[in-house]
Amino acid sequence: WKNTALFSLGSFGFVTMATQLVILLSFQMKVGVMFSRIALINGLFMTGLVVGAAWVGRWLVRRGAVTLGLAGMHLAMGIFCWFLPQWLQWGGDTWREPLHHALAVLTGILGGAAFPLGVAMVHGRQRLTGVTSGLVQAWDHWGGALGAWVAGLIMIPILGTTLTAHLASFMILLGLVALGALHLPQSW
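Numbering (my numbering), first residue to last: 1302 to 1489.
Since the hints were made in silico from the structure, they are not lab data. Built from N, CA and C at the ideal position, the CB exists for glycine as well. Hints are all accurate, no fakes.
Computed spacing ranges between beta-carbons, pair by pair: (1) T1348 - H1442: 14 to 22 Å; (2) F1336 - A1366: 34 to 42 Å; (3) M1335 - L1475: 32 to 40 Å; (4) V1478 - R1364: 18 to 26 Å; (5) L1447 - G1365: 26 to 34 Å.
Assemble the whole structure, with the sequences as input and the hints as a guide.
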């Protein structure tokens, strides 16, 4: 359970950062490099992380839907990443900025919601809250750092934003497979 939860959070960190970079690059290509507007998108993304963790993830934990909730977040993020390139093409000039703002918030909500679910999975096996929080945060941040490096330096420049988003979708769905494996009979 613990290793699966940590893998899940690491993959969420990776995919969330890669997805945010796709959104930022799309914004820069369509609107331009205006640092105050890019700062707004990053702020909205971070706000989404808070909303996802504080409301969505906590709500699922309180309902006792920890593993199922985390699996649902994996599925939702996988679908989101797969369709992101198409959604980034919607709207004309009027809707370009609000669309990127909304997608940044939604990326944050999906990524943030996974955090309390992962904490609940790890904490169920480990009784030290401080150790649990530190371990989970480290895996999430390590995944995010890796996602920023790999997506920003390799994936997006070589593969482009569409293939990067589709690979992110595939990567996050691997976590869904890992969560599903937890429920297979042990004789498998």
